[in-house]
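Novice: So the protein sequences, as listed, match chains A and B.
With this note's numbering applied, the first sequence corresponds to residues 589 to 882, in that order.
With this note's numbering applied, the second sequence corresponds to residues 7 to 428, in that order.
Do not take every clue at face value.
As the list claims (entries may be wrong) - Here are the simulated lysine to any residue pairs, SDA-like style, with alpha carbons at most 20 Å apart: (1) B/402 <-> A/849; (2) B/392 <-> A/839; (3) B/83 <-> A/842; (4) B/107 <-> B/125; (5) A/822 <-> B/308; (6) B/107 <-> A/849; (7) B/392 <-> A/813.
Said to hold, decoys possible - Residues from chain B that keep clear of chain A, each with C-beta distances beyond 12 Å, as calculated: (8) 44; (9) 78; (10) 82; (11) 90; (12) 110; (13) 112; (14) 141; (15) 399; (16) 414; (17) 426.
These aren't lab readings, by the way, just hints derived from the structure by calculation.
Even glycine gets a Cβ: it sits at the ideal position worked out from N, Cα and C.
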Amino acid sequence: MNIRRRQKWAYLFILPFFASFFTFGIYPIFYSLAISFNDYAPLSQISTWVGFSNYSRLISSDFFWESVLNTIEIWIMSIVPQLTIALILSLILNERWVKGKNALRSIYYFPNLITPITIGMLFTLIFGHPGGAINNLFTGLGLMSEPVNFQDTPWLAKAVGGIAICWQNFDYNIIFITAGLHSVSEDVYEAAEVDGANAFQRTTKITLPLLRPIMLYIMITSIIGGLQIFDIPKMLFGGNSLGYSTRTMVLYMYQAAFDNWQFGYGAATAYTIAMIIGAFSLVTIVYNATKGKK
Amino acid sequence: MKRTLSLILALALAYSCLFALAEDKSNPYEVDESVTGTFTWWTFFDQAPFIKEQFELKYPNVTIDLQVFGGDEYQTKIMNVLSSGQGIPDMMDLEEGYVYKFLNSDAFVNLEELGLEDALGSYYDWAIAMGRDGNGVLKGICDNVSPVAFWYLRDAMEQWLGTSDDAEISAILSSWDAIMEKGQEILDASDGTVYLWPNLAEMVKVEGYSLTPLARGGVVEIEQGWYDLLDTMREFYESGIVADLGSWGGEWASAWNAGTLLIRTMPSWDFFTDWSKNTGNVGVAAPFKASYEGGTYRAIYTGSEKIDLCATFIEFITTTEYQIQNLETNNQMPANKNVKDALGEDYTNANFGGQNILATYDVVCSTIADITPDEYTRGLQNKFSKYAQAGIKEGKTNEEIIADFLADIQDTYPELDYSQVK
C-alpha cells in the first residue's frame with residue numbers, strides 16, 4: 589500500500605472524533621455566540637436580532653458583577669487551603685519514613701469520588717442552623733454560646749462553599765504535586781545534602797522551585813475549573829443563602845437561561861464568563877513567565 | 007409426587023381465578039372496553055403510576071407509555087423536545103412553577119375545543135384559572151388541588167393550646183396578633199423550647215394570594231397590603247417568637263414531628279410528616295387567609311395523533327369516582343367539589359385522627375381569592391419573600407426592602423413595566 593492510500597485510511601480513522609468534536613464542541617460554541625446577539629424564544633424558536641443589548645444589559649447588571657465577586661471570593665477561600673493542604677500532605681507523603689503512604693493517598697482521594705450535589709447537601713447539614721453538626725459540636729463543647737447561622741451570614745456562607753470545594757478537590761491536586769515531586773532527580777537532593785543543606789532548605793530551595801511548572805498547571809486548571817463552580821453553590825443551603833451570597837457567575841447564567849428562559853442573555857453571560865476566565869488565566873501565565881525569567 | 011404437584015397447580019389456578027374475580031369486584035369504575043389505543047405521558051409526579059393504574063381499570067384496552075422523570079431538569083427536557091420537534095409525548099404534566107411559560111406557546115391543545123371545560127363544572131374556579139394561558143384559553147387541567155393549611159400534631163396542640171379540634175384552633179389563631187400572643191405565651195410557658203410559628207416565609211405563604219399580585223398584565227404595582235405584611239413580619243421577628251427554621255429543611259420537619267414546633271403552613275400534599283410516628287395524631291386547620299402552593303396540570307401536545315385518547319384520560323381524572331380513589335389512597339385533595347358531596351359530612355380520615363379533612367380544605371378552597379395567576383405571580387412572590395426575610399433580619403426599612411426587591415426583579419424580568427413603582 590502506498591503512502592497516499594494509507595493517508596486516506598488515516599483520515600477515515602480520525603473522522604469519528606472530528607465529526608463528534610465539530611458537532612458537539614465547535615458547532616454549539618458558534619451557535620451560542622449567534623444566540624447571544626438575539627432574543628431567542630425556545631418554544632417557538634423565533635430569534636430576534638438585538639445586537640449587543642444582551643451584553644450591555646449584562647455589563648450594567650449589579651447582580652452579575654456581584655456573582656463574579658462571589659465566585660472569586662469562594663474560589664480564593666477554596667484554592668488557598670486546597671493548595672496548602674495538598675502541598676503539605678504531598679511533601680509528607682513523599683518522605684521515606686512515612687508508613688502506609690499508598691493507603692493514605694487513596695483515603696485522601698475519597699472525597700473526589702463523591703458527586704458535588706451530594707457534597708452540597710452534606711455541607712448544608714453539617715453547617716445547618718441551629719442544629720447542624722458544627723453548631724452542635726461547638727455549643728456542646730462550650731466554645732460558642734449561640735449557634736451560628738452560616739446560611740444567613742454572607743461571608744460565612746461563602747466560606748462554607750469554599751471549604752466544601754476544598755474538601756472535594758485537595759486530593760486531586762495531591763496527585764499532580766506527587767507526580768511533580770517524583771520528577772525531581774534524587775541527585776539534586778544528594779548534592780544539596782553533601783553541601784550541608786538541611787531538610788527545610790532542601791524543600792524551599794530545591795523542591796518548591798522545581799515544582800513551579802506543575803504548580804502553574806494546577807493554578808491554571810484551578811482558575812478555569814474554580815471560576816466555573818456551579819453545582820456545590822447550587823445545592824448549598826438549598827440555594828437560599830442570605831441575599832445571593834453564594835450565587836456564582838455560572839449559577840447566574842444557569843438561572844437566566846434555564847429558569848427564566850432568557851437564552852440570548854444566558855449565552856451572552858456564558859461568553860462574558862469565558863472572557864473573564866481567559867483573562868485570569870492569561871494573567872497567571874504572564875505572571876509566572878515573568879517570575880520565571882527573573 | 008406428581009399428585010402433589012397437580013394439587014398445588016390446581017390450587018394455584020383456583021386462587022388466581024378467585025383473586026381475579028375479587029379484583030374485578032373491587033374495580034370502582036364501570037369498565038369501558040370500547041376505547042382502545044396507546045399514548046405517551048411524561049411526568050415528574052411520583053404518584054403517576056397510581057393514576058395510570060386507575061385509568062387502566064376503567065379502560066383496560068388502553069395502554070399508557072408512562073415515563074417519570076425526577077429532578078428540576080424535567081422542564082428543560084420538555085422544552086428541548088418541544089424545540090427540536092422530536093420525541094414529543096402526547097401528554098405531559100406541567101408544574102405550577104413553570105406551567106405558564108409552556109401554556110402561552112402554541113404547543114398545547116385548546117381543551118375547550120375538546121369539550122373538556124364541561125367536565126369542570128364542579129371545580130374550584132381558581133383551580134381552573136391556573137390551567138389557562140395568557141389569553142384565558144384552557145390548556146391544562148389538574149386532578150387535585152393544593153390548599154395551604156396549618157399542620158399540627160394533636161397531642162402537642164392539646165398540651166399547648168388546650169384543644170386539637172381544627173375549628174377551635176382556627177378560631178384561636180384567627181389573626182397575626184392572635185398568633186403572636188399565643189406564640190409568646192407558649193414560648194414563655196415552655197422556657198423557650200416550644201415555638202408556635204416556624205419562620206417569616208410562611209407568613210407570605212398565608213397572605214400571598216389574598217393580596218393583589220405584584221405584577222398584573224405585565225405592570226409591576228405594589229399595593230399597601232404588601233407593606234403592611236412587612237410590618238407584621240418585622241413585628242414577629244423582633245418579638246422573638248419565630249423559630250426561624252427554614253421551610254422544607256430537616257430541622258423544621260424534625261422539630262414539628264417532635265412537637266417543639268407547633269405549626270407548619272403546608273399544602274395538602276405535604277410530605278414532611280413522619281407518618282410512622284404520627285399516624286392518627288396529625289391535624290390540619292384552615293388559616294385565616296386562604297392560599298395554595300403548587301399544582302400539577304396535564305396538557306396535550308398539538309402535534310399528537312392521540313389527542314382524543316389523551317382527552318379521554320383528562321376527562322377521567324376529573325371524575326368524582328377517580329378523585330375519591332386518589333383521596334383515599336394518596337390523601338390528595340380533589341379539585342372536584344362533588345367528591346365532598348359524594349362522601350358526605352361523615353367522611354373521616356384515620357391518618358388525621360378521624361378528622362374530616364375534606365371539610366377543612368373545602369373552607370380554604372372556597373375562600374381562595376379568584377385571582378388568575380400568570381407566569382410572574384409565584385416567582386415575584388418568592389422573591390418578595392426572600393427580600394422581606396433578608397431585609398428584616400438585616401434591620402432594613404420597608405422602602406429599602408422594596409428597593410432591593412425591585413432591583414432584583416428588574417434584573418430578572420426587564421420586560422415588565424416598572425413605571426408604577428418608580
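Novice: Does each hint fit the structure? Answer for all of them.
Specialist: These are the hints, each one checked on the structure:
Restraint check for residue 402 of chain B and residue 849 of chain A: not satisfied, since their Cα atoms lie roughly 32 Å apart, outside the 20 Å limit. Our distance criterion of 20 Å between C-alpha atoms is met by residue 392 of chain B and residue 839 of chain A, whose separation comes to about 18 Å. A threshold of 20 Å between alpha carbons decides the hint, and for residue 83 of chain B with residue 842 of chain A the separation of about 15 Å falls inside it, so the pair holds. In summary, the hint linking residue 107 of chain B to residue 125 of chain B is not supported, as the alpha carbons are separated by about 25 Å, beyond the 20 Å threshold.
The straight-line distance between the Cα atoms of residue 822 of chain A and residue 308 of chain B is roughly 35 Å, outside the 20 Å bound, and the hint therefore fails. Only pairs whose Cα atoms come within 20 Å are accepted, and residue 107 of chain B paired with residue 849 of chain A is accepted, the gap being roughly 9 Å. For the hint pairing residue 392 of chain B with residue 813 of chain A, the CA-to-CA distance comes to about 30 Å; that exceeds 20 Å, so the pair is violated. Its beta-carbon lying about 26 Å from the closest one in chain A, residue 44 of chain B satisfies the requirement of being farther than 12 Å from that chain.
Non-interface call for residue 78 of chain B relative to chain A: violated, since the shortest CB-CB distance, roughly 9 Å, does not exceed 12 Å. Annotated as non-interface, residue 82 of chain B brings its C-beta within 12 Å of a C-beta of chain A; the closest such distance is 6 Å. With 12 Å as the threshold on Cβ separation, the claim that residue 90 of chain B sits away from chain A is violated: the shortest Cβ distance comes to roughly 9 Å. Interface exclusion of residue 110 of chain B from chain A breaks down, the closest Cβ pair being 8 Å apart, not more than 12 Å.
Not every CB of chain A lies more than 12 Å from the CB of residue 112 of chain B, the least distance being 7 Å, so the non-interface label is violated. Consistency note on residue 141 of chain B: stated as away from chain A, and its beta-carbon is indeed over 12 Å from all of that chain's, at 15 Å minimum. Residue placement check: residue 399 of chain B does not keep its beta carbon more than 12 Å from all beta carbons of chain A (closest about 6 Å). Interface exclusion of residue 414 of chain B from chain A breaks down, the closest Cβ pair being 7 Å apart, not more than 12 Å.
At roughly 22 Å from the closest C-beta of chain A, the C-beta of residue 426 of chain B stays outside 12 Å, upholding its exclusion from the interface.
Comparing the model with each earlier hint shows violations of hints 1, 4, 5, 7, 9, 10, 11, 12, 13, 15 and 16; every other hint is respected.
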